[in-house]
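**Student:** Sequence:
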Amino acid sequence: MSAKAGVSQVLNRYTFASTLSHLRRCNTPLGRDGKIAKPRQLHNTHWGMVCPAETPEGQACGLVKNLSLMACISVGSISAPVIEFLQEWGLESLEESASDHGTATKVFVNGVWIGVHRDAPSLVRTLRRLRRRDDISSEVSIVRDIRERELRIYTDAGRVCRPLFIVENQQLLLKKENIRRLNDKESMEPYTWSDLRKEGVIELLDAEEEETVMICM
Numbered sequence: 027m028s029a030k031a032g033v034s035q036v037l038n039r040y041t042f043a044s045t046l047s048h049l050r051r052c053n054t055p056l057g058r059d060g061k062i063a064k065p066r067q068l069h070n071t072h073w074g075m076v077c078p079a080e081t082p083e084g085q086a087c088g089l090v091k092n093l094s095l096m097a098c099i100s101v102g103s104i105s106a107p108v109i110e111f112l113q114e115w116g117l118e119s120l121e122e123s124a125s126d127h128g129t130a131t132k133v134f135v136n137g138v139w140i141g142v143h144r145d146a147p148s149l150v151r152t153l154r155r156l157r158r159r160d161d162i163s164s165e166v167s168i169v170r171d172i173r174e175r176e177l178r179i180y181t182d183a184g185r186v187c188r189p190l191f192i193v194e195n196q197q198l199l200l201k202k203e204n205i206r207r208l209n210d211k212e213s214m215e216p217y218t219w220s221d222l223r224k225e226g227v228i229e230l231l232d233a234e235e236e237e238t239v240m241i242c243m
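Start counting the sequence shown at 27; every next residue gets the next number (our numbering).
Mixed in with the good hints there might be a few duds.
Stated by the list, open to error - Below, in silico cross-link-like pairs of lysine-lysine (DSBU-like), each with a Cα-Cα straight-line distance of 35 Å or less:
1) K30 - K61
2) K64 - K30
3) K132 - K211
4) K61 - K91
5) K211 - K201
6) K91 - K64
7) K224 - K211
Claimed, not checked - The following label-pair restraints were derived from C-beta to C-beta distances:
8) E225 - R58: 25 to 35 Å
9) K211 - E114: 41 to 51 Å
10) G184 - R155: 39 to 49 Å
11) A29 - W73: 44 to 54 Å
12) G116 - K64: 41 to 51 Å
13) P147 - E83: 45 to 55 Å
14) D171 - Q197: 26 to 36 Å
15) P82 - M243: 27 to 37 Å
16) E212 - I104: 31 to 41 Å
Don't read these hints as lab results, they were simulated from the structure. Remember, it's a predicted structure, so these values are computed and weren't measured experimentally. Think of the CB as a built atom: it goes at the ideal place given N, C-alpha and C, for glycine as much as any other residue.
Using the sequences provided together with the hints, build the complete structure.
**Tutor:** Following this line, the structure appears as structure tokens:
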């Protein structure tokens, strides 16, 4: 078994900011000697996920990146509850509709084709409502590809997600009452980031789902 360098490191404790930076460092597993520019550049899907400025100088430039402060990595959840819900909500198995896939939307869970559905817009709205109420994991990604007539749902680990405020009917769902409760440090029941997520004020989106939604800048 060959030895691997850099598996354990001494945590940087110079300042609080440098400690946060060290904890959110991403190391691309490529040789430092190559002069290829492409792996060192930020991809378009890294917008909002990876810091565009912070990277070391020298050979590691661009190969060591830093996650943005609000981004998180999905830890994964079991897909069985999502599949059970889909079966109750009008999912047709491949055996039932083997000949008629022309107008239906294909449904994939973690890359596995599990069936087709006739009313994809309604299904997507319902799944997002369940996610915002915390009935299914907040890390579940719901991607509807209209052109390919596919609905892709991901519950796996390792996806970079970032939180976004939810806007409905041109109105931001974050209210002054939410901010007041967040600032209230003397409350017996502290109001936290998790409460904002469970109340449907914010939601976590990964890079693939961001391609299918409108985000205000």
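**Student:** Look at each hint and say if it fits the structure.
**Tutor:** Structure-based check of each hint:
For a cut-off of 35 Å, the pair hint linking K30 to K61 stands: about 23 Å separates their Cα positions. Restraint check for K64 and K30: the C-alpha separation of about 25 Å stays at or below 35 Å, so the hint holds. Between K132 and K211 the alpha-carbon distance is near 48 Å, which puts this suggested pair outside the 35 Å criterion. As the CA atoms of K61 and K91 are separated by approximately 17 Å, the hinted pair is consistent with the 35 Å bound.
Straight-line distance between C-alpha atoms of K211 and K201 comes to about 18 Å, which keeps the hinted pair within the 35 Å bound. The suggested pairing of K91 with K64 holds, with an alpha-carbon distance near 14 Å, which does not exceed 35 Å. In summary, the hint linking K224 to K211 is supported, as the alpha carbons are separated by about 20 Å, within the 35 Å threshold. At roughly 46 Å, the beta-carbon separation of E225 and R58 lies outside the given 25 to 35 Å, and the hint is violated.
Between K211 and E114 the Cβ separation comes to about 43 Å, which falls inside the hinted range of 41 to 51 Å. For G184 paired with R155, a C-beta distance near 26 Å fails the hint of 39 to 49 Å. For the pair A29 and W73, the supplied restraint of 44 to 54 Å is violated, since their beta-carbon distance comes to about 37 Å. The hinted range of 41 to 51 Å is satisfied by G116 and K64, whose Cβ atoms lie roughly 44 Å apart.
Here the CB-CB span from P147 to E83 is close to 49 Å, well matched to the stated 45 to 55 Å. Here the CB-CB span from D171 to Q197 is close to 28 Å, well matched to the stated 26 to 36 Å. P82 and M243 have their C-beta atoms about 29 Å apart, which keeps the hinted 27 to 37 Å range intact. At about 39 Å, the CB distance of E212 to I104 agrees with the hint of 31 to 41 Å.
Hint violations for this structure: numbers 3, 8, 10 and 11, all remaining hints satisfied.
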